[in-house]
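For chain A, the structure is supplied; the task is to place chain B on it using the hints.
There are 2 protein chains.
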Amino acid sequence: MGYDGLMRWQPDARGRLEEAAFALYSERGFDQTTVAEIADRAGLTERTFFRYFADKREVLFSGSDLLKTGFADAVAQAPSSAAPIDAVFAGLQAVAGFFEGRREFARRRRGIIAVNPELQERELIKMASLKDAVAAALRQHGVTEPAASLAAEAGVAVFHVAFERWTDQADEEKLLPFIRETMTQLKAVTAGA
Amino acid sequence: MGYDGLMRWQPDARGRLEEAAFALYSERGFDQTTVAEIADRAGLTERTFFRYFADKREVLFSGSDLLKTGFADAVAQAPSSAAPIDAVFAGLQAVAGFFEGRREFARRRRGIIAVNPELQERELIKMASLKDAVAAALRQHGVTEPAASLAAEAGVAVFHVAFERWTDQADEEKLLPFIRETMTQLKAVTAGA
Chain A
0 MGYDGLMRWQ PDARGRLEEA AFALYSERGF DQTTVAEIAD RAGLTERTFF RYFADKREVL
60 FSGSDLLKTG FADAVAQAPS SAAPIDAVFA GLQAVAGFFE GRREFARRRR GIIAVNPELQ
120 ERELIKMASL KDAVAAALRQ HGVTEPAASL AAEAGVAVFH VAFERWTDQA DEEKLLPFIR
180 ETMTQLKAVT AGA
Chain B
0 MGYDGLMRWQ PDARGRLEEA AFALYSERGF DQTTVAEIAD RAGLTERTFF RYFADKREVL
60 FSGSDLLKTG FADAVAQAPS SAAPIDAVFA GLQAVAGFFE GRREFARRRR GIIAVNPELQ
120 ERELIKMASL KDAVAAALRQ HGVTEPAASL AAEAGVAVFH VAFERWTDQA DEEKLLPFIR
180 ETMTQLKAVT AGA
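Chains as they are written, first to last, in numbering that gives the first Met the number 0: chain A, 0 to 192; chain B, 0 to 192.
By construction, these hints were calculated from the structure, which means they are not laboratory data.
Once the Cα atoms are required to be at most 27 Å apart in a straight line, the calculated BS3-like pairs of lysine-lysine come out as:
1. A:Lys67 <-> B:Lys186
2. A:Lys186 <-> B:Lys67
3. B:Lys125 <-> B:Lys186
4. B:Lys186 <-> A:Lys125
5. A:Lys125 <-> B:Lys67
6. A:Lys125 <-> B:Lys125
7. A:Lys186 <-> B:Lys125
8. A:Lys67 <-> B:Lys125
9. A:Lys186 <-> B:Lys186
10. B:Lys173 <-> B:Lys67
This is chain A alone, in the form it adopts within the complex (with noise of 0.2 Å):
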C-alpha cells in the first residue's frame, strides 16, 4: 500500500493534480509532460491521478461533458414558451455559474490549448459535440429544424466569443457579464446593425 494507501484520503488531490498537471504542461509543453511527473509534483501516486484522470488529456477536458450536460439540460427545461434563444440564453447562463472562480483555470486552459494542434483538435470536437446537444435539446422543445441547428449554433458562438473575452482580460471575474453583451452584440450583427 505504502504512501498512497495511508493517504487515501486526499483532501482536493484533484486541485493538486490539477494544479500540478497545468504548471507542468506550460513550463514543458503538454506533449513533453508524463502523468508520472504529474503526480509527483502534485505528492502523490500515479495510482492516485488515475482515480481521477483517465489519462493527461482529460485533466483538461473532463469539464467539457459536464458542461455539454449543464447546457442541454438548461435548454431542455427552459419554459416551453420560451424563444430558440431564449432557451439557449438559459443553458448559457447555468454554463456561466460552472466557470465561477475558474478565470484564471480557464486563462492557462485555453494557453495550453492553443500550442498544441492536437489539443485544438480536440476542443473543436468538444465544441461541435456542445452543438450537436443544444441543438437536440431543442428539438425536443418542439423547436424544428432549421431554427433548432441555428439556435444552438449561435449560442455556441456567443459562448466561444464571450469565453475568450473573459480570460483576455483581467478586471471582471463573472463570465455573465460577456455572456450578456455578446448576445447583445450578435444580435446587433444579424440584424445588420
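Below, chain B without anything else, positioned relative to chain A:
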C-alpha cells in the same frame, strides 16, 4: 515512360481520379482505400494521382482552401459601407457559385466524411480556419471585435446549415436559395421570433 508518359495530357484526369476515389471510399471506406487502387480504377497511374493530389485525403479537402480564399476575398471586396453581416453575405454568395453543378459530389463527400472520425476532425479544422479567415477579412475592412468574430461565426453557421439542407434534398440544384433562406432564418432566430 510507358502508358503514363504517352498519356501525359489526360482529359479531365482530375475528375476521373475524384470519381474513382469517391466510389472506392463509399464502397470500402476511406481507410481501406489506397492511392494505387484509386489510380487503377481511374485507368491512370499513381504518378498521375500525385500530380493532382498530395495524398488520398486531399481528394476530399482540396476544395476547402479555395472555398476559404473565395469567401474571405469576397468579404474583403464588399463596399466599406456594408454592414458586417452584409459583407459576410457577399462572401456566401461567392462561395455558392463554387458548388454550381456539384450537389451530388457534395452529398457523397458528406457521406464519406460522416462515417470517419479522422475526416470529421479534418472538416472541423477546415471550418474553424474558414471562420478565422472571414473574421480577419472583416477586421481588415475596419470591423472591430467582437463584431468581426460574431459576423464570421454567423456566416459560417449559415453556410454549414444551408449546405446540409441542400445536400439532404434532391429537387433544387442550386445552393444559393438555401443560403438566402438560412440567413433569413438565422436573423429571425436571433431576433427571438
